[in-house]
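Each chain is listed here by its residues.
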Amino acid sequence: MKTLFNSGHTACAGCGQSMAARLVIDAAGPNTIVVNNTGCLEVFSTKFPESAWGVPWIHSLFENAAAVASGVESALTYLGKKDSINVIAQGGDGSTADIGLQALSGMLERGHDILYVCYDNEAYMNTGVQRSGLTPFDTNTSTSPAGKQSTGNIRPKKPMPEIANAHGIPYVATASTAFPQDIQRKVKKALSIKGPKYMQIHVPCPLGWRSDTNLTTLVARLAVETGLYPLIEFENGVLTARRQISPLKPVEEYLKTQGRFKHLLNKPEELKKIQEIADSNIKKYGLKVSEVTPPTAGSGGT
Amino acid sequence: MKELLEGSYAVAEIIKRCKPGVISAYPITPQTHIVEGLAQIVANGELNAQCVNVESEHSAASVVLGASAIGIRTFTATSSQGLFYMAEVVYNIAGLRLPVVMTVAARAISAPINIWNDHQDVVSLRDAGWIQLHAEDVQEAVDLHLIAYKIAENNSIMLPVMVIMDGFILTHGVETIDMPEQADVDKFLPPYKAPYKLDVEKPMTFGPLVDPESYMETRYAIQETLKDVLNLIPKVTAEFAKVFGRTYNGLIEEYKTKDAERVIVAVGSVCGTIKEVVDELRAKGKKVGVLRVVSYRPFPAQQISEALKNIPKVAVVDRAVSLGSIAPLAGEVKAAFFGKAKKPKMISSFVVGLGGRDITKDSIKEIFRLLTGKEKQGEFVDLKPELLKENYEDPV
Chain A
1428 MKTLFNSGHT ACAGCGQSMA ARLVIDAAGP NTIVVNNTGC LEVFSTKFPE
1478 SAWGVPWIHS LFENAAAVAS GVESALTYLG KKDSINVIAQ GGDGSTADIG
1528 LQALSGMLER GHDILYVCYD NEAYMNTGVQ RSGLTPFDTN TSTSPAGKQS
1578 TGNIRPKKPM PEIANAHGIP YVATASTAFP QDIQRKVKKA LSIKGPKYMQ
1628 IHVPCPLGWR SDTNLTTLVA RLAVETGLYP LIEFENGVLT ARRQISPLKP
1678 VEEYLKTQGR FKHLLNKPEE LKKIQEIADS NIKKYGLKVS EVTPPTAGSG
1728 GT
Chain B
1198 MKELLEGSYA VAEIIKRCKP GVISAYPITP QTHIVEGLAQ IVANGELNAQ
1248 CVNVESEHSA ASVVLGASAI GIRTFTATSS QGLFYMAEVV YNIAGLRLPV
1298 VMTVAARAIS APINIWNDHQ DVVSLRDAGW IQLHAEDVQE AVDLHLIAYK
1348 IAENNSIMLP VMVIMDGFIL THGVETIDMP EQADVDKFLP PYKAPYKLDV
1398 EKPMTFGPLV DPESYMETRY AIQETLKDVL NLIPKVTAEF AKVFGRTYNG
1448 LIEEYKTKDA ERVIVAVGSV CGTIKEVVDE LRAKGKKVGV LRVVSYRPFP
1498 AQQISEALKN IPKVAVVDRA VSLGSIAPLA GEVKAAFFGK AKKPKMISSF
1548 VVGLGGRDIT KDSIKEIFRL LTGKEKQGEF VDLKPELLKE NYEDPV
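In order, the protein sequences belong to chains A and B. So that you can map any letter, position 205 of the first sequence is 1632 in my numbering, and since no number is skipped, the others follow by simple counting. So that you can map any letter, position 384 of the second sequence is 1581 in my numbering, and since no number is skipped, the others follow by simple counting.
The reader is advised that the hints may include incorrect statements.
[What the hints assert, rightly or not] Below, in silico cross-link-like pairs of lysine-lysine (BS3-like), each with a Cα-Cα straight-line distance of 25 Å or less:
id, chain 1, residue 1, chain 2, residue 2
1, B, K1571, A, K1508
2, A, K1700, A, K1710
3, B, K1481, A, K1474
4, B, K1432, B, K1399
5, A, K1676, A, K1694
6, B, K1199, B, K1216
7, A, K1509, B, K1571
8, B, K1562, A, K1429
9, B, K1586, B, K1506
10, A, K1615, B, K1399
11, A, K1585, A, K1429
12, A, K1710, A, K1575
13, B, K1481, A, K1509
14, B, K1540, B, K1586
15, B, K1542, A, K1509
16, B, K1483, B, K1390
17, A, K1508, B, K1390
18, A, K1676, A, K1699
19, A, K1508, B, K1484
20, B, K1399, B, K1484
21, B, K1213, A, K1509
22, B, K1399, A, K1508
23, A, K1474, B, K1399
24, A, K1616, A, K1429
25, B, K1390, B, K1432
26, B, K1581, B, K1540
27, B, K1539, B, K1484
28, A, K1474, A, K1585
29, B, K1399, B, K1384
30, A, K1508, A, K1615
31, B, K1216, A, K1509
32, A, K1508, B, K1481
33, B, K1483, B, K1213
34, B, K1481, B, K1432
[As the list claims (entries may be wrong)] So the derived list for chain B, only partly shown, Cβ under 8 Å to chain A, looks like this:
id, residue
35, A1246
36, A1266
37, Q1278
38, T1402
It is worth saying that the hints were derived from the structure and are not from the lab. Don't be surprised by glycine CBs; every beta carbon is placed ideally from N, CA and C.
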């Protein structure tokens, strides 16, 4: 199959990010310029003298893809070429929600015609699984380790879709490696809308999550089916679509697939807290199939 | 056409004539008038450019990086903390070999916060791979921007340039400026043709991961290019003289040094004051002169050692300090004589004008006087002893 993200890169076996990145660029097509933050994707796809990318691609620093993309988009506007060329800025969860949040906020606020894609594997994987602002509650990472006095990461995920929505941008969506056609549909939809767009894709990292490399799609699917990673779409701040789930599964089914949650499996009180997070998402976004009333919007996140 | 202009607006006017497609900056004193001027010029329809009002200097530098990678001419400006905040992008732009031009309104570094002029900001980024050109007055600042684009965009150079103006002294100083005419600018500076760019017709990967097998060569390449810049600058200034009638050396300027017994080496606007003192002392029969370093990077060590080799006594005047070591310019001037047979008997080093402390004619005369005594190393001039007392009592 012809792709703009070629094989031969050095991603780990079972890497969800490499799968999602290929789906994104192939949906966007060849008339696309990609600006990439530092992170796993940049490292495994562009080791000199090789490159996996079949489109113009630039990496500058860890936190500035949104700003570099703003320059790319402004230059294309100056040249009168913006309408025929897509600009995608992308990075991992750390470069998006933590160190790059300021640059991203500036890009969203200024109204640039750019699609920003956050590949969310829920920790700093490239540097050895340190917690980020998008690491889930109670996750065991190298900087939020579980121990006698700790059950892991003490905070829930930063509500990035809500933060993006708060900028009054035309399109915000979440997606998952487990639903490839959904990713591609959302990328195409986002690129059909002028202005800043934010997409956050859940991408399992078998190395950091300590999950089996052949189960990446299953693990990602369980995150959606338990309500822990709602697939939602907002247009102009209004919730316009969500993937409803039947049957809803208990969070334990998702947690037990990964070593990063192993310490929780004999702690019913912690499992209860995580189930509450899922239940809250289910209620907030109407994820049960029986739900008919789309909740009022402006509120994304998990 | 000659007109009376504030330094910052003069820079805005020359940038207008250079026709950048993307301008991005973040407010910081004393740089703001430059980008305010450009914003008004664009708002008036006098320049077709995208002005990107970013949320930080880090993003300002990132925006011009991205725009430059598309293959168009760009402009940014900053100062002091702003330059530090964009520091990693500054290095990145040079590493990516993008011909960005940036004005730096040179200013002191915090803490304590101080908005006035010295050179600690630009000296701290001297190793970033940028060409650094220091203006002495507003006219030269205007002209150096044209020269900067011409050098940066030369396809065998492809390195960014900082045009450095002393904060307030030049950015807010009002001078009669011979503003280059658009037709002459167009003749001297044709539209930028990028040798490589982000182009959907010819996809390229910029900024890949480079491991120990290849990284060193990328730094070596910049080092070698900066040697080429030393040869290119005089050629570009000669071409500039033909079109605009103003002659610059571009690397160093020698003022009454030929028969001098005492010479001060300095950069930037203070050289104007030094020249006045030189004229006064010359009138009294004293053989004194000044050597001004225009190009701080690449550093014209050969030209400096050649110009000073027969001068008995040299004073290097730094408007910066390398805390814990020899003053920056002094160290480089001394290094220029390493291994040379002919050299000054004495090279003294003085630190002046930090945080905008006035450098008066008396300060300069004192430095010339001190040159008749023992060699000085990093001597701070015009210190206030009453502020240095251990049991200093608050006067309030």
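Notebook entry, point to check: Can you list which hints this structure breaks, lowest number first?
Noted result: 1, 3, 4, 7, 8, 9, 11, 12, 13, 14, 15, 16, 19, 20, 26, 28, 29, 32, 33, 34 and 37
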